[in-house]
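Asks: Residues per chain, in single letters:
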Amino acid sequence: MRSEWTAAWVAVLLLASAPAGAADAPLPVRIRLLQGSRQGTPGLPPGLEDLRGQLSTTAYVRWEQAGEVQATMVPRKPVSVALPDGGAVAVTLVESRAGAATFEVSAPASRTQSRVTVAPGKRIVQQVTAERGGSAWFVTIKAGG
Amino acid sequence: MKCAGAAPLLGSRPGELDPVEDALLSAHLSTCDGCRARQADQEAVARVLEDGLLLEAARRDFTGFADGVLARIPASAWRGAAPTGPMERLREFLRRHRILAVASALAPALAALALYLYIGQTTGPGPSELAIEVTSEDLAAVVLETSDGPVILVGEGSDGT
Numbered sequence: 070m071r072s073e074w075t076a077a078w079v080a081v082l083l084l085a086s087a088p089a090g091a092a093d094a095p096l097p098v099r100i101r102l103l104q105g106s107r108q109g110t111p112g113l114p115p116g117l118e119d120l121r122g123q124l125s126t127t128a129y130v131r132w133e134q135a136g137e138v139q140a141t142m143v144p145r146k147p148v149s150v151a152l153p154d155g156g157a158v159a160v161t162l163v164e165s166r167a168g169a170a171t172f173e174v175s176a177p178a179s180r181t182q183s184r185v186t187v188a189p190g191k192r193i194v195q196q197v198t199a200e201r202g203g204s205a206w207f208v209t210i211k212a213g214g
Numbered sequence: 319m320k321c322a323g324a325a326p327l328l329g330s331r332p333g334e335l336d337p338v339e340d341a342l343l344s345a346h347l348s349t350c351d352g353c354r355a356r357q358a359d360q361e362a363v364a365r366v367l368e369d370g371l372l373l374e375a376a377r378r379d380f381t382g383f384a385d386g387v388l389a390r391i392p393a394s395a396w397r398g399a400a401p402t403g404p405m406e407r408l409r410e411f412l413r414r415h416r417i418l419a420v421a422s423a424l425a426p427a428l429a430a431l432a433l434y435l436y437i438g439q440t441t442g443p444g445p446s447e448l449a450i451e452v453t454s455e456d457l458a459a460v461v462l463e464t465s466d467g468p469v470i471l472v473g474e475g476s477d478g479t
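Residue numbers (the numbering used here), protein chains in the order written: chain A, 70 to 214; chain B, 319 to 479.
These aren't lab readings, by the way, just hints derived from the structure by calculation. Backbone N, C-alpha and C fix where the C-beta goes; we use that ideal spot for every residue, glycine too. One or more hints might be untrue.
[To be verified] Label-pair distances were calculated between CB atoms; the ranges are:
1) 168(A) with 408(B): 40 to 46 Å
2) 99(A) with 435(B): 27 to 33 Å
3) 94(A) with 410(B): 23 to 29 Å
4) 463(B) with 94(A): 23 to 29 Å
5) 408(B) with 159(A): 53 to 59 Å
6) 449(B) with 213(A): 15 to 21 Å
7) 432(B) with 110(A): 44 to 50 Å
8) 413(B) with 159(A): 45 to 51 Å
9) 146(A) with 408(B): 43 to 49 Å
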């Protein structure tokens, strides 16, 4: 009888902890730092082709990738992406669960903070600096690597 | 068989002797008057004792004997005794319905598992973004929704471009 109760409670505890464990699961994330310019010859490097659909919605016509960070992120542990001007952007995985991941992007240079929930495979494109001289810096975040 | 050998066998109860001893004793008694007389004496004494014991027992009243014995046995010693307190009654119920008890314990867990799996299935491939919240101190923020995901722009203009 005692063993049956023990087994039942162990099952309850395991099941109760399952959703919490899934919510804190590490998530491979690809973060790219881009510079977008209004002037110059329009162009999109081959490495940014997957972003064409999103980047083409903006008024910036020339794009270049300046950096990339690939990390296995865990919730509430920010990843810092350095900007050429000495600043940095902090990307934090707020929550990761089946079918959705929530990221927080803190960009002190533009005094902007966002919290976006996306499905796996989708990308976030966020401007992280104000425009200067016709160009601005962006980060793209893709959950799932 | 001689008298010395027959003496220990005298007064034996029916069936107590094996067939050989019984045959030897019967043969001896048929030829020995002394042993036959001792045998008769012992049988008479046994009858008197038996009658006396029965008579003595008959004088006692055993009407409440069984009830008295049962009354002196503590209730806790009874395997099937009726439980007294609520916890004892619960324990007794669980002991008698083990499968029901385990099923009761597992039911919420299974329900939670089913809900978890259901939520996991329903949150599969869905909209590109489920929730967007942007705060900017002094720049206008614009969110463009595309099939690949959101584009968040900031700038002096209202459209961020």
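Asks: None of the hints should be skipped; say for each whether it holds.
Replies: Status of the hints after comparison with the structure:
1. 168(A) with 408(B): 40 to 46 Å: Since the Cβ atoms of residue 168(A) and residue 408(B) sit about 42 Å apart, the hinted range of 40 to 46 Å holds.
2. 99(A) with 435(B): 27 to 33 Å: 29 Å, holds
3. 94(A) with 410(B): 23 to 29 Å: 45 Å, violated
4. 463(B) with 94(A): 23 to 29 Å: 27 Å, holds
5. 408(B) with 159(A): 53 to 59 Å: 55 Å, holds
6. 449(B) with 213(A): 15 to 21 Å: Holds: the Cβ-Cβ distance is about 18 Å, inside 15 to 21 Å.
7. 432(B) with 110(A): 44 to 50 Å: 57 Å, violated
8. 413(B) with 159(A): 45 to 51 Å: 59 Å, violated
9. 146(A) with 408(B): 43 to 49 Å: 47 Å, holds
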